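2 protein chains.
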Amino acid sequence: MSGKLFIIGLGPGDAAMLTPQAANALAQATDLVGYGPYVVRAPERVGQIRHISDNREELDRARHALEMAAAGRVVAVLSAGDAGVFGMASAVFEAIDKGEPAWRGLEVEVVAGVSAMFAAAARVGAFLGHDFCAISLSDNLKPWALVLQRLRVAAEAGFAMALYNPHSGARPWQLNAAFEVLREILPPATPVVFATAVSRADERVYITTLAEAESSRADMRTLVLVGTAETKLVERPGREPWVYAPRSVA
Amino acid sequence: MSGKLFIIGLGPGDAAMLTPQAANALAQATDLVGYGPYVVRAPERVGQIRHISDNREELDRARHALEMAAAGRVVAVLSAGDAGVFGMASAVFEAIDKGEPAWRGLEVEVVAGVSAMFAAAARVGAFLGHDFCAISLSDNLKPWALVLQRLRVAAEAGFAMALYNPHSGARPWQLNAAFEVLREILPPATPVVFATAVSRADERVYITTLAEAESSRADMRTLVLVGTAETKLVERPGREPWVYAPRSVA
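Chains as they are written, first to last, in the working numbering: chain A, -19 to 230; chain B, -19 to 230.
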């Protein structure tokens, strides 16, 4: 029996944003592997086994999935958004790289999904419509000084930003420290968006400015978008403004 | 009659990567607006009108769509990938910003899609699995000096990159000039991927190094991914290697 490993991006949450390709891969799997809140999004199937793990054990989870695929199972490793964007895909290939030589012979398919940052940008208009970057604020796996350096150069060079992992229970000061660094470079009126649980029932989207941005708006399910000096607001009567990145830079 | 404007990301090409949400929006539209090769991807529907335009007339196309929505039509503006990533979303909001005040009262919904850069990254493994940026090489709407500056700072700061619009018929020297700048900063062995028409019948994915990268590999449907000094290859027996961004940076 030959196993297979799917690495699937489930999209931001709404089932209508799960691609048919991802749904088809989920239907083929004998085993689902992932963080609990993601695994429960998959439709229940008779005989399919769910392996739920803590969100921090990425490499262990990846190895477990690879062992099962090597034993002939059809395993789906699940991430929210796109699995290649601060999701499980890197962990799986790192586990292969450092693991059993036989794992290099496995069939592995990464199934791309709708990224949470683009769902967030779409909610407010076209926030990431020109050059942009994505930065994880977590310093679990890189030095905090490097996070700050990347924020600094991205702001100076005019990239809009999507900030992942903005909220850390262990280091709640980090997001405000990031805003402080950005305030040294970007205008006070630079638009900032806190996008929480986009496309889910408890979605919250809050548009503010860099001057007013405050970390208490973010929780573990929040993405923070930071604009540039070029980012524009389109005011609307009685509604939140649209926010977009102009296509041209003078 | 009240009109509506959808701005829809169709995904990279494979119909199995079109979300149910996007399919539903396409089904509601009375009018489809977009560049020909994108519009023909929508399923044919009796009574639905297709307005096909040249790829360069983004702002004219946006205004036309807005006029129809203001007249009560349900209009879908189509982009490949995600419409918010160098797609039509920015053009539509710019047209609103500079256009008729009444357009600010319109119902506008941006329907996020699977981005071509994540489909490309997924094909080779987890190329964009850590901090990354997206840069358009087109100098139609920004100075070429700014393009080069952004390439330089992104490479120096350790961002992986997705390069959009790498091929210009008018300025075929640009992509090689970009590689020259990157070679001054990144190691010769830095992985580079030319991903053309990903998920379509004529998909071509070519993995090389920055030292060997050559613009003739790119055409108008190509995305170029450039790694960092940290990007790793996982060699496989008899097959192309996987390429991934490690989750940790020392």
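Any given hint could be a false lead.
Claimed, not checked - Below are the BS3-like pairs computed for lysine-lysine, each with C-alpha atoms no more than 27 angstroms apart in a straight line:
# : chain 1 : residue 1 : chain 2 : residue 2
1 : B       : K122      : A       : K(-16)
2 : B       : K212      : A       : K212
3 : B       : K122      : A       : K212
4 : B       : K78       : A       : K(-16)
5 : B       : K122      : B       : K78
6 : A       : K78       : B       : K122
7 : A       : K(-16)    : A       : K78
8 : B       : K(-16)    : B       : K122
These are computed hints drawn from the structure, not numbers from a lab. Here the structure is a predicted model, which is why all the values come from computation and not from measurement.
Given hint A/K(-16) paired with B/K78 - CA-CA distance at most 27 angstroms: violated (52 angstroms)
What's the verdict on B/K(-16) and B/K122, does the C-alpha distance respect the 27 angstroms limit or exceed it? With a Cα-Cα distance of about 31 angstroms, the restraint between B/K(-16) and B/K122 is violated, given a limit of 27 angstroms.
Starting from A/K78, check that the Cα of B/K122 is at most 27 angstroms away, please. The given pair, whose Cα atoms are some 43 angstroms apart, is violated under the 27 angstroms limit.
Has the given pair, B/K122 with A/K212, been kept, meaning a C-alpha gap of at most 27 angstroms? Roughly 17 angstroms separates the two Cα atoms, so the pair holds.
Below or equal to 27 angstroms on CA atoms is what counts here, so check B/K212 against A/K212. violated (38 angstroms)
Satisfaction of hint between B/K78 and B/K122, Cα-Cα up to 27 angstroms: holds (19 angstroms)
Between the alpha carbons of B/K122 and A/K(-16), is the straight-line distance 27 angstroms or under? violated (45 angstroms)
Given the hinted pair A/K(-16) and A/K78, is their alpha-carbon gap at most 27 angstroms? holds (19 angstroms)
Hints 1, 2, 4, 6, 8, counting from the list given before, are not met by this structure.
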